[in-house]
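Asker: Quick mapping for you: the protein sequence lines, in order, are chains W, S, H and B.
Under the numbering used here, the first residue of the first sequence is numbered 1, with each subsequent residue one higher.
Under the numbering used here, the first residue of the second sequence is numbered 1, with each subsequent residue one higher.
Under the numbering used here, the first residue of the third sequence is numbered 1, with each subsequent residue one higher.
Under the numbering used here, the first residue of the fourth sequence is numbered 1, with each subsequent residue one higher.
Since the hints were derived computationally from the structure, they do not count as laboratory data.
Possibly wrong hints are sitting among the right ones.
Each computed SDA-like pair below joins lysine to any residue, with the alpha-carbon atoms no more than 25 Å apart [as the list claims (entries may be wrong)]:
1) B:Lys316 / H:Asp174
2) B:Lys316 / H:Ala20
3) H:Lys316 / S:Glu299
4) W:Lys316 / B:Ala22
Derived CB-CB ranges, DEER-like [stated by the list, open to error]:
5) B:Lys54 / H:Pro295: 34 to 44 Å
6) W:Ala16 / S:Glu100: 35 to 45 Å
7) B:Ser300 / S:Gly17: 53 to 63 Å
8) B:Ala22 / S:Gly53: 57 to 67 Å
9) S:Gly17 / H:Ser300: 46 to 56 Å
10) W:Ser300 / B:Arg6: 24 to 34 Å
11) B:Asp28 / H:Pro295: 43 to 53 Å
12) H:Asp174 / S:Glu164: 57 to 67 Å
13) W:Glu231 / S:Glu164: 44 to 54 Å
14) H:Asp174 / B:Asp28: 31 to 41 Å
We treat Cβ as the ideally placed atom computed from N, Cα and C, and that holds for glycine.
4 protein chains.
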Amino acid sequence: DGAQRRKSDHIEVVRAGHAASACDPGFDAVRLVHCALPELALDEVDLSTRLLGKPLAAPLLISAMTGGPARAERINIHLAEAAQELGIAFAIGSQRIALERGGAAGLGAELRRRAPDVLLFANLGAAQFVRGYGPEEARRAVEMVGADALVIHLNPLQEAIQPEGDRDWRGVLDALGVLAAALAVPVVVKEVGFGLSPAVARALVARGIAALDVAGAGGTNWALAEGARGEGRTRAVAAAFADWGVPTAIAIRLVRAACPTVPVIASGGVRHGVDVAKAIRLGADLAGQAAAVLPAAMESTAAVVEHFTILRDQLKVACFATGARDLEALRRVPLLDEA
Amino acid sequence: DGAQRRKSDHIEVVRAGHAASACDPGFDAVRLVHCALPELALDEVDLSTRLLGKPLAAPLLISAMTGGPARAERINIHLAEAAQELGIAFAIGSQRIALERGGAAGLGAELRRRAPDVLLFANLGAAQFVRGYGPEEARRAVEMVGADALVIHLNPLQEAIQPEGDRDWRGVLDALGVLAAALAVPVVVKEVGFGLSPAVARALVARGIAALDVAGAGGTNWALAEGARGEGRTRAVAAAFADWGVPTAIAIRLVRAACPTVPVIASGGVRHGVDVAKAIRLGADLAGQAAAVLPAAMESTAAVVEHFTILRDQLKVACFATGARDLEALRRVPLLDEA
Amino acid sequence: DGAQRRKSDHIEVVRAGHAASACDPGFDAVRLVHCALPELALDEVDLSTRLLGKPLAAPLLISAMTGGPARAERINIHLAEAAQELGIAFAIGSQRIALERGGAAGLGAELRRRAPDVLLFANLGAAQFVRGYGPEEARRAVEMVGADALVIHLNPLQEAIQPEGDRDWRGVLDALGVLAAALAVPVVVKEVGFGLSPAVARALVARGIAALDVAGAGGTNWALAEGARGEGRTRAVAAAFADWGVPTAIAIRLVRAACPTVPVIASGGVRHGVDVAKAIRLGADLAGQAAAVLPAAMESTAAVVEHFTILRDQLKVACFATGARDLEALRRVPLLDEA
Amino acid sequence: DGAQRRKSDHIEVVRAGHAASACDPGFDAVRLVHCALPELALDEVDLSTRLLGKPLAAPLLISAMTGGPARAERINIHLAEAAQELGIAFAIGSQRIALERGGAAGLGAELRRRAPDVLLFANLGAAQFVRGYGPEEARRAVEMVGADALVIHLNPLQEAIQPEGDRDWRGVLDALGVLAAALAVPVVVKEVGFGLSPAVARALVARGIAALDVAGAGGTNWALAEGARGEGRTRAVAAAFADWGVPTAIAIRLVRAACPTVPVIASGGVRHGVDVAKAIRLGADLAGQAAAVLPAAMESTAAVVEHFTILRDQLKVACFATGARDLEALRRVPLLDEA
Ligand SMILES: Cc1cc2nc3c(=O)[nH]c(=O)nc-3n(C[C@H](O)[C@H](O)[C@H](O)COP(=O)(O)O)c2cc1C
Ligand SMILES: Cc1cc2nc3c(=O)[nH]c(=O)nc-3n(C[C@H](O)[C@H](O)[C@H](O)COP(=O)(O)O)c2cc1C
Ligand SMILES: Cc1cc2nc3c(=O)[nH]c(=O)nc-3n(C[C@H](O)[C@H](O)[C@H](O)COP(=O)(O)O)c2cc1C
Ligand SMILES: Cc1cc2nc3c(=O)[nH]c(=O)nc-3n(C[C@H](O)[C@H](O)[C@H](O)COP(=O)(O)O)c2cc1C
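Please model the complete structure; the sequences and the hints are all you need to start from.
Answerer: Laid out in structure tokens, this is it:
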């Protein structure tokens, strides 16, 4: 049906490159100072961290994606198994269709069986919570996969472009506050590629949101993605937003400055482990990737493991080459501008 | 004859892209901060405004264009009907030929019948007012179409390039002051694509000019347009001015700062509704487009409606995605540089 | 012979584009503020000026060039006749060959007969004055063409690249001081495309030099020109200097600031009359062109007249479009950065 | 065997351009002010200098390179003979294979016989000194070629990328301090193309290191070089480091500011003698080149002589064209930014 077709279209559109932001995520302008004398063993570099009380082998997140039910099942199993194998976090895509259809669409208990130890995020859209959803639906989403936390995505621009989109966002902030208070698990809020601003970040933290994912501009652009799926006018309206949003590297700095103590996830145009290192240096706790993982996700668990092994190794080498034994040290590495 | 042929040439030259400025209008460097939690319904976004006492459904202006009489009639009817349908402002092209020939050249009372409710601007060139025109001719131009206001265009560089141009601009400022005092309707002054400077803006406002259209550099370049129509030397002289003028985004800031209370229209290289949003954020009250509308204008009323519907929808989505319920709120949206 | 062959080679090399600097002359970054209400008649714009006591119809100079004797004669006659017709200044190329051979190489009294009224500059290289030349040779060069002033060119980098070049520049400054004191006509000093620095400008003025031509980087590059004529090693050495020198627009500012009262000529990569207007705004009294005139110079007097008529008209229009009635006013026109 | 094959691979990879950094070495942004009146004879320009007590005809270093033994012998003999002929410094490539195999791999006493007078640097990797090497091995390396000093290279990022690399860098700083105290000859420390930072430079000088070679980013990139030799994952990990490191021109400034009195060698993306002049102006004592010399090094002694003759002549002309009689004067030449 419509909703499933849409999800399936998204995958095609992203893979074809039609959803690539015209905006620079901003990592190239950030230069870490090389350390020629690390006084470290590479093997000693410790990428482990904790988020929301759960240990992670590396500060990496497989960002939320989902496909049409048929494909989604395979994709999600590949991602879950890889997350388990690597000890990194995994956010499933929106569970709305699964919630509403009853069928789990690849998002059922099987997923948790494949990834018993990972920090697993359930996922729902914020707009739903002023459209009938409440703590009850959120609890069902969390339980469906045995998630450790619930991610709520904010995608107002995507919804505004989409002709059938949810375009009434009044009361969303309050609803998220209610949700945060009512749920046993922490609630994380994210954008989907246009970035959280400092004002929004502050408002969310004030309502009890436990962590933020800036999901900034420079990677997947959901206005273009909806435009590419749409007919003439939708596509034309969307085109004006090709360069829209807060670039990821800037969003990290701003959100970190606005909310000094809340965990911050960096996503949106993260290309490799050197970008991850920069994101962490700028204040992020974890970095996530979505579109860049999609080809591997469609292939196999092994392909996803290989993809994130490379990212993790790049991050490890970046720590080594800046003389940082762990992520705490990486946060104090000098930037070239400040040297 | 010559004057009509010239107008017709302009259309060809603009459509062929020979009149495109080499200057960047400056909108890309202005970044609006995305708001991931708008707390708004898209439908609630109110683009309505008033200019010179008349209501507008959106802060949009179909900028002055005109063709050779034969084509002008069709073009102007398409534009008038679209403006009426959308509730936006419409500025007709220069009425000089019509005034001097008696024939209305598509600029007669019929136009107002097609667009009974729109904010309609009559149009004459400033240089005429030191060359025999006075309040009487201005009144006739206004009455010819039942205009709400008179736009006077300043195009000294275009006239200087054009071998047969009006090259004596002494006394124009005084003549515009006389006109403003004598006319029952407000007088608006605009450039045609090289921008109003703060000094000129201040001088005009001091003489009683009611509103300004910066018509800055970055869109249509009338030196190149005349060059493309001319023979070798004219073309060669014009080529040096390809990058001339005050870029639109800079002109808006400067004119707004120089004249804090006068209505300011932004035109010159406005590409889409996100540029409109930026123009308004920088201080404009309305944004206008000319060359980009030309293809639709030559086609049909429906094409023009579609063109501006897209612009209006882009502007509406830009308001929504910055959390701005109306244009007043849009003016207070943070810029990324200031965040 | 060798010297004549070299001069002839230079023309081929320049025309083929092998001597084009990789450096930006810097004019694009200078933006004159457009004036939409000039309160002027274009015909009223007065480009006339005086330099070294002689009137000029426009602040333009045909910069020093010369060819092999055979061609030089035609070239110089075209340039001289055009300068006379337009009332602009004319600098002949180096007279060294003519001085040393006796033959005038197109640089004899005939030239002055063709251009009886122009500000005419004789030309010799500075290095000659520590290699046997003195006031006597300078006087002969001036008298050969009945020049109003003598231009001495400083081209140490060109000489250093050229295997047979004059590479001993010790004592040149003193020799120029002696020359300035001994000669009845003013002595002007110029570079040939790498720019005068403030320190050199100050030293020259302190020795009685009457005017300076910055001849900055961004147009003809004489290291590349000699490289293109030379064999492998010369060419390789020269290539490192493709981007060398003080860009013309910067040289004008710096020299004007260092020497507030001395006449300054701007040359080096001046493309058209808008660049001339910018040069004057930055502090120059005259602007000169060499390589860009070469094709017209080889063709006919009429071609040179047409070339400079276009430049003059561009400058006139630039004055009009900034509201500047004359060059004094042009010097006070606002720059966009300062607006 | 493996180590020799690796060295040989490096040569292919560098020559094929696969190891070229994506980073700008930063020399283009540094502009020396041209001096149109040098008051010098080109022949008078004195490029001679001393380093570590030994005289040099020019401040040039043939940076450390080495090939597989078979080729290395020819390469090193060409380089040594050229260094001798030109009076410049020569650093041989790593002597580890030679030390461990007994065979000199082209790095034996023959080398010194070909270059009796040059400032000759022995070369070992820093990581070896926490892996069994000590002053004894260092002394053997120095004696093997009769070196004047020992260069220790720091290449942690290269080792980290290389699957078989030395990835434990703990204790290296202390080991270098021990070495500096124990050895009769001075110890120089260098990077290999990612730059020394001010902190590392200071630490090394505090341990008695006699001179530093910044070997900054912008030339050969050893992560890419190892990536190009490796299989899929190695190559993928390396790719993230294409733009890594402190750009050479910035490294020179920072290291010079951090260590005002220690001799500093500049290498990494030095293209020609004008870059050498800029490096010296920024604070370097010598400038070195590796990859750019490789083609000549593989050809003949004459080709290497020709290569460095061009560099030296460019430097000499750059001194002349800035009015600098010697390197001391070159260090005081104004930069355009400061003029
Ligand atoms: C195919 C695809 C599907 C996605 N679906 C969801 C989703 O259901 N829920 C969500 O919160 N984000 C979703 N996202 C957004 C990503 O989680 C992420 O925030 C965004 O794409 C930016 O990261 P990127 O530039 O690495 O792709 C999706 C992204 C992709 C590429
Ligand atoms: C074909 C054409 C004809 C125009 N004719 C007039 C005119 O008669 N009067 C006038 O004030 N402006 C005229 N303009 C200028 C526009 O109103 C506008 O100021 C300018 O083109 C900059 O906007 P743009 O970059 O969107 O084209 C004309 C523009 C075009 C493209
Ligand atoms: C073909 C040619 C010959 C030149 N010969 C001389 C010369 O004899 N004496 C001199 O002072 N300058 C000479 N110049 C330099 C020019 O006068 C001028 O300073 C320089 O070319 C920069 O101007 P441009 O960029 O417009 O070419 C010559 C230039 C050219 C193109
Ligand atoms: C083929 C090749 C082999 C090299 N081998 C060594 C080496 O054995 N020891 C060393 O200290 N540096 C070595 N280097 C690094 C250079 O000495 C130099 O620091 C680096 O390449 C940056 O200079 P470049 O950009 O001019 O190549 C080598 C460089 C090249 C190109």
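Asker: Could you run down the list of hints and mark each one as holding or not?
Answerer: Evaluated hints:
1. With a C-alpha separation of about 24 Å, the suggested pairing of B:Lys316 with H:Asp174 holds against the 25 Å cut-off.
2. Distance hint between B:Lys316 and H:Ala20 is fulfilled; the C-alpha atoms sit about 23 Å from each other, no more than 25 Å.
3. Taking the CA atoms of H:Lys316 and S:Glu299, the gap is about 40 Å. The hint is violated against a cut of 25 Å.
4. Proximity of W:Lys316 to B:Ala22 is assessed by CA-CA distance (about 21 Å); at most 25 Å being required, the pair is judged to hold.
5. A beta carbon spacing of about 56 Å between B:Lys54 and H:Pro295 contradicts the range 34 to 44 Å that was offered as a hint.
6. With their beta carbons about 57 Å apart, W:Ala16 and S:Glu100 fall outside the hinted range of 35 to 45 Å.
7. Remark: the range hint 53 to 63 Å for B:Ser300 to S:Gly17 is upheld by a beta-carbon distance near 56 Å.
8. Between B:Ala22 and S:Gly53, the C-beta spacing of about 59 Å keeps the proposed range 57 to 67 Å intact.
9. In this structure the hint that S:Gly17 and H:Ser300 lie 46 to 56 Å apart at CB is violated, the actual value being about 34 Å.
10. Take W:Ser300 and B:Arg6: their Cβ atoms lie about 33 Å apart, and the range 24 to 34 Å holds.
11. Taken as a hint, the range 43 to 53 Å is violated for the pair B:Asp28 and H:Pro295, whose Cβ atoms sit roughly 31 Å apart.
12. Our hint of 57 to 67 Å for H:Asp174 and S:Glu164 holds, since their Cβ atoms are close to 59 Å apart.
13. Between W:Glu231 and S:Glu164 the Cβ separation comes to about 48 Å, which falls inside the hinted range of 44 to 54 Å.
14. Our hint of 31 to 41 Å for H:Asp174 and B:Asp28 holds, since their Cβ atoms are close to 36 Å apart.
Of the numbered hints listed earlier, those contradicted by the structure are 3, 5, 6, 9 and 11.
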